[in-house]
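Place chain B on chain A using the hints.
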Amino acid sequence: MSQSMRLAALALLVALLFGGSLACGKAVVPWSAWFSGDPRWWIVAELRLPRAVLALSLGAVLGLSGAVLQGYLRNPLADPGVVGISAAAALGAVVAIVFASASGVGVFAAAILAAGGAMALLAALTWRSDSTVTFVLAGTVLASLAGALTAFTISVAPNPYAVAEAMDWLMGALTDRSWPDVALALPPMALGALLLALTGRSLDALALGEPAARSLGVRLGAVRLLVVAGTGLAIGAGVAATGVIGFVGLIVPHLLRPVFGHRPGALLLPASLGGAALLLAGDSLVRLAPGAGEVRLGVAMALIGAPFFLWLLLRARHDAWH
Amino acid sequence: MALILDSVGVTLGGRHVLADVSARLEPGRITAILGPNGAGKSSLVKAMAALLAHDGRVALDDRPVASLSPETRARRIGYLPQDATVHWNMRVAEIVALGRLPHRRAPFGESDADRTAIAAAMAATGTMAFADRLVGTLSGGERARVLLARVLAGAPEWLLADEPLASLDPAHQIDLLDRLRAVAASGAGVVVVLHDLVQAAREADDVLLLHQGRVAGFGLAGDVLTAARLAETFGVRVVMVEKAGRRLPVPIGRIGLVSEG
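Here the protein sequences come in this chain order: A and B.
Start counting the first sequence at 1; every next residue gets the next number (the UniProt record's numbering).
Start counting the second sequence at 1; every next residue gets the next number (the UniProt record's numbering).
In case anyone wonders, no lab produced these hints; they're calculated from the structure.
Predicted model, so just to flag it, every value in this text is computed and none were measured.
By construction, the Cβ of each residue, glycine as well, lies at the ideal position given by its N, Cα and C atoms.
Nothing false has been slipped in among the hints.
Partial chain B-side listing against chain A, Cβ under 10 Å, derived:
no., residue
1, Ile-77
2, Leu-80
3, Gln-82
4, Asp-83
5, Arg-91
6, Pro-102
Looking at chain A on its own, in the form it has when it is part of the complex (with noise of 0.2 Å):
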């Protein structure tokens, strides 16, 4: 099968799970209410529709960040986790959630503003150097230092309630989000990932090292600020909007590696249908499950992940990876 063949059923698989994705849930609507006057009709089109597009974009954007944070630091364990991006939307979030009790926009706002200056610290901080090395220990500090400023916040909340909704937040989740949430979101999630797709070739002249991807004309400084801006965009929104998903950005470019190879720039669209699939199945996935409520698409992403992360890492320890 050809490279095109292969992406093509990829994208067919994408559209049978967004199909997919608009029939499962917790009520029925039969196929005669589809584009009728039912009233069931409702909750496709204007419950289960943006919740499906924003799984499709979502995921892509994870898997595309994914797979260029993988390339772009020769690394397979990297995810858009290590640039610290999410850790601060989160943090923006939680604290616009229990000082604020904001909710809805506020909370985007916040998130999405958070992420931005972590970009910008990021950027900051790696801009004298053209080292990944620099890159990974500013963006592991990031996403420490958001993490316990989070955790800061929710410790000194100053009612259950806020707690237990920054908690409910954290998760990430897809449930009720509306056509509104999906408008915040897509514009700077698609700028997001048109900056990541520029990237292709510099990956693939990385793989070679630094210094050789300088000598094939790399600007590495441009580089670098498309991965940090293109993260930063794509993922924030992607935070701001949903919460928390992790491990699907880890995940999907190695699913895909065996079967679209290992070039890092070849590997950027199988990772963006890749990761919207992967969403959209465990979206639908977490809505079919028993029960009046569902599991958190990020607690089952995790929960999904984590076995697979270990995997990797005993593996690892087997065929160097470097």
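Then chain B, alone, in the frame of chain A:
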């Protein structure tokens, strides 16, 4: 075009790694850079490729390489780093194709010129037979040839190779040097960092000998690689062996302690 070094100096972490290196390297020839560990060989090659900030001037004829745009410089100067790591298990053909990156226009894929250059580079290095293999399955010798093909695919005017023979057995060393000779014969300039005095004396046209960051000798290989000069820079005793009209210095022992620098 000649590659001209004019009082080139490099300072790393406050230490003068290279100072006052001047030389005029001619295309169509193999110039070997020799010197003890820490003499500044790799730094010099990196400065030539404009990968390292330097004092003085590195120029292609009268154009300083630092003033070229990264793309233009990449098209004219090919750099083969000492580190042979390929970070992802890519196919050989994909790796060789990376050499064409500076020639490609943003949204477009490979042109006919790209494909021709890639095929020529693979033919010149004998890597066509494993075009579809993954780099992780190659032997050290095969990998070295693939990485050379990657640089040749860019058809640079100058090829700068930093210790390409490291970790190769004698047969593959000779094989790689033969291929570098073919590159020089095609009119390109070849600069190669070597450790082996015999290989340098046998294959290089010119030798740039570095000692503690300064030029200890530059000129025809036979003129530079004398027993006295090698004793001074490397602290080794050599015997000269005549072979096919060339005098090959074979190290047979040390003289006192080598001064570190």
